[in-house]
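Trainee: With the hints as a guide, dock the two chains, each given alone in a separate frame, to form the complex.
Residue numbers (my numbering), protein chains in the order written: chain A, 1 to 225; chain B, 1 to 392.
Hint data in this document are derived by calculation from the structure and do not stem from the laboratory.
Among the hints, erroneous ones may be present.
[Claimed, not checked] Pairwise CB distance ranges (calculated):
#1 Lys314(B) with Ile149(A): 37 to 45 Å
#2 Trp120(B) with Arg38(A): 57 to 65 Å
#3 Glu209(A) with Ala134(B): 52 to 60 Å
#4 Leu206(A) with Asp237(B): 54 to 62 Å
#5 Ala159(A) with Thr128(B): 25 to 33 Å
#6 Asn118(B) with Leu71(A): 28 to 36 Å
#7 Val253(B) with Ile156(A): 53 to 61 Å
#8 Arg195(A) with Glu258(B): 52 to 60 Å
#9 Thr37(A) with Glu37(B): 56 to 64 Å
#10 Asn137(A) with Glu190(B): 28 to 36 Å
Heads up, the beta-carbon is just placed ideally off N, CA and C, and yes, glycines get one too.
So you can see what is in the structure, the chains are spelled out below.
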Amino acid sequence: MNELEATLRPKETEQPPYPPKRVVLASGESMIVRQATRQEVPKLLEVLEPLIWVERDYYDIVGARMFSELLGWKRFRVKDEYCLVGVMNGMLVGLVNGRSLSRNIGISLHTMAFHRGLRVGAHLFAAKMEYHIEYLNQREIYVVAESPIGFRRWMIEYALEERRHVAHELGGVMSYALTRDLYFASKDRLVVGERPVSEEMLASTLDFEIPDPDLLVTQVSGRAK
Amino acid sequence: MRDVAIIAAGQTKFARTEWPLIDLLVEGARTALADVEIDESIIQAVVVANMGAGILNHQSGVASAVVDGLGLFPAHAELVENGPASGASAVKMAFLGIAAGYYDVVLVIGGEKMRAVNGWESTDFVATLTHPFAEYIYGVTLPSMAGLFARLYMEKYGITPEHLAMVAIKNHNNAMFNPEAHVQQRITMEGILHRPEAVVNNPIVADPLRMFDCCPVSDGAAGLVLCAAERAGQFTDKPVLIAGVGQATDTHVVHEREDPTDLKAVTLASEQAFKMARVGPDQVDVAELHDAFTILEIAESEHAGFFPKGEGHKALERGETQIGGKLPINPSGGLKARGHPVGATGIAQLVEITKQLRGDAGQRQVKKAKTGFTLNFGGFGNNVLAFVLKKT
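The shape of chain B in the complex, shown without the other chains (with noise of 0.2 Å):
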């Protein structure tokens, strides 16, 4: 199997935008091959990452639409449609098709278009990844699901709604060095949890989580370029290796698990990614995880191997997942508040890790990073996928 390096990376700003979903992925695929010179014709296939064309922007046919909107032709174009971790998926399709060596330099490409419906809609969307009979007809919806595990979780562990409020707080922070996130505005615990005012300022979404502790909904859309990573270095000074990919999934319907706070996926996928890259959690740098929802952050940090069980909200309040910290999470901002268009996230991770290890990531960068992280949670845990970059 060939070594895979992503020799380009970029994002469009993730907002509201009035952008058509096509134009959205040719301009977030457009960013990407701005990072590069490159000659487009060499690119032999494009793997588009989405999960709701088909129902929120009434389009099918979005990989071919995406390859004209680029002027690609003829080069190779598919679909990778896995929920949220649609992105992830993608990059991993791509990355197998270069370690097998049947392409050698692919374009993956990530996005959503979200804000085509309101929010209700946009939320009913989502819900249509949980189980048709078992959740989506008792009304489950991601805040739901999400609200039900925070509760267990947090009963199980001691955490306290000020701890999800700090994970808010810090990717807040974060964005606001985040150019092109979503939210770019500053909270704090007296606004949004102590203040009287905090009862309409972040009100509750699904017990226990408030509005501050879920991620926008956002369109907008990403782009990665990858090579064989021996041919990497004809296009670039700074190529990025992609050193590690696991994969796992778990039950669909999430009370089938044994114990619902345990994230199986995520500790499999990230075992997997880290055996391959021959490294182990102590030696990343920075890491980008899956925080649609402030507890997950800190529930998907333990899974992944970075702190034990029940001692994730621990490090945050001793302040090592910020920037400056022993381990930086979500120096982007976040899903939290970079945004989360569903279809372009695990690229945007992906994408922001890059950056991270390159030393491009302006008033945000992690010092000294060699080692990144991602992680990205599709459905509710049951189909997750991580990532370890290394710098070259």
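Here chain A stands alone, though its shape is the one from the complex (with noise of 0.2 Å):
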């Protein structure tokens, strides 16, 4: 690495790795939720792309966002950034990224599902919020929403608090807060899944498929095809 790169991208700080865990989700069938590497956010990136121009719930402004926020992390542009994935029979059906802003505070960036009615989102988010306080043990996370559907989830769901002095850097609106005790008094009813995760079921994972872009683009639009 040259010195000027060195300069531009930010120095990562070494964090402990987000166990896998399965999920088993209404249809009966499991998700694995893993850490993506960033070899695989081409992939990922792929997914998104569809979606920055469907402006039905702010899919645009979170799609496009999580694109930038997911190159950023593949070109060594953001610090101690990560995403999870959500991998159902070989196919990607969720992602979540979040990243740290320091030792104590999280950041909650995104939360995106490409699977309808299984309650997928609510799992992917679930398992960010147990990264940060579990395996980061971070004392609280920032969370934002774009999105309507996203404040009335998160922030009603998780009961979070305000932090009216602290602007998340998603637009520069007011922070709210996932603290420790919230996370606890939530978890048995919103944090679940099973590990250790098998070889074999984790290798299930590593090839993911990823859905058609022209079903996925109807799907969350709500367009008729």
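Mentor: Laid out in structure tokens, this is it:
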């Protein structure tokens, strides 16, 4: 790495990995939640790209921001970011990302589910919170939402606290926070899954397929095919 | 009174759509009209069922707008609003017009654009059918009303959460074979009830009802063309006869009923329809019941006379209400999985039974179906319509 690149590239903090878990969904199928690698980012961008043109429910903003966040992570321009993927039957069904602002503070970035009706997004968001609180051992996580659906889901379901003095890095709006107390108060009803995940199951997630873009856009936008 | 037949039936896919309400209704009508070769100029009237255009879509004059969208001038046009029973009420009005000899051919179209607002607002919209001072101001919603009803009914008859889940699983399975269904997702007892993950997969909505005990909020439209039976042969070789129509009302305030678990209007409307059709519940081959909540399918199956009180869940356990069972209920997926755009529902139920009796229901076809039944449940059982249809 040359000197200039070293200047441009944020210094990464060594962080414990997110241990994969298996979540049995309403369909009886298993979703494996695991940490994504930088090498997988191009595939994740491919899924996000068609969504950045869907205005409904702010998929455009969430899609575009997530696209740039993951690209920034891949090209070493975001500090201490991570991404978790949900894979079911070898198919990518959702992803979440976040980063560490400091040793004690986590930043929730985005959550996107590609399979509707099985609460994939709820499980993945919970996994993200689990990572920050239980594995990164942080004090609290700053959360905001671009869409009313996201606001109703996360701020209300987790009864998040307001942080009036904190402008979230996503757009500068006031942050909400999930504290350790709130997390453990909600954990029994919101955070589920089994560990360890067998080698075989984990292997089945390594070369995941991505959803058909037309089908995906139809599903999230409500547009007739 | 003349006999009346259904000569065409169709529906849009129930889903979350971007279509404006009028376009959605017009599309629903077009799906029905595409089901029969007919010179549209002979359609004398259009009866439109819709519950929430004013509240959800800031729209009035819906029936006139639909006729305009279809170019069916100078057909008569009327809107029927009767809560979640609007669809069946609209069909009844069309039926009466033809039976009386005033009309020969009437198009009935029902639809709703509920996803124009968020989930809280759509729940509040449906709650406006409750009593404003005895129920609504206390925060009663339809899910909460159904939760209270479910608790009482379950305690009285020994129904368990597993029985409710069995209704949901059956109807989700049926909807897998219905391309127009809103929810096409298989679910399992393990995933929605028995695994630790079920607390997230299937959270409590209104105790004891969980998410998969409740119908989705849907956009969609469904349509029928009704015709004097004596002329039906001009248009189709598979007309379906409307053999019986029944309707009954009950108290607006649910707690004013002597026994809140007794759905009297369901019993009375069903009895009336069976009497008119000159058949008994035991002669019905397939039924579409109003399972806005899983408990309602069980309770309605008893109150309509298909099973003795307290026995509906046992019939469910024995698989009698599955396709292939003694009395398949909700082969379309029901409100639970086909979806529940309120103004469309009563008509969509009749669309399904029409297809079943014509033998056009594809992979969800009930074999040898000759007599079918629908039940459209308005309010919380305060305005109920039942139909008996017969294959001709």
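Trainee: Hint by hint, note whether the structure agrees.
Mentor: The hints, checked one at a time:
no.: 1; hint: Lys314(B) with Ile149(A): 37 to 45 Å; result: holds (40 Å)
no.: 2; hint: Trp120(B) with Arg38(A): 57 to 65 Å; result: violated (40 Å)
no.: 3; hint: Glu209(A) with Ala134(B): 52 to 60 Å; result: holds (54 Å)
no.: 4; hint: Leu206(A) with Asp237(B): 54 to 62 Å; result: holds (57 Å)
no.: 5; hint: Ala159(A) with Thr128(B): 25 to 33 Å; result: holds (29 Å)
no.: 6; hint: Asn118(B) with Leu71(A): 28 to 36 Å; result: holds (32 Å)
no.: 7; hint: Val253(B) with Ile156(A): 53 to 61 Å; result: violated (31 Å)
no.: 8; hint: Arg195(A) with Glu258(B): 52 to 60 Å; result: holds (54 Å)
no.: 9; hint: Thr37(A) with Glu37(B): 56 to 64 Å; result: holds (60 Å)
no.: 10; hint: Asn137(A) with Glu190(B): 28 to 36 Å; result: holds (33 Å)
Checked against the numbered hints above, the structure violates hints 2 and 7; every other hint is satisfied.
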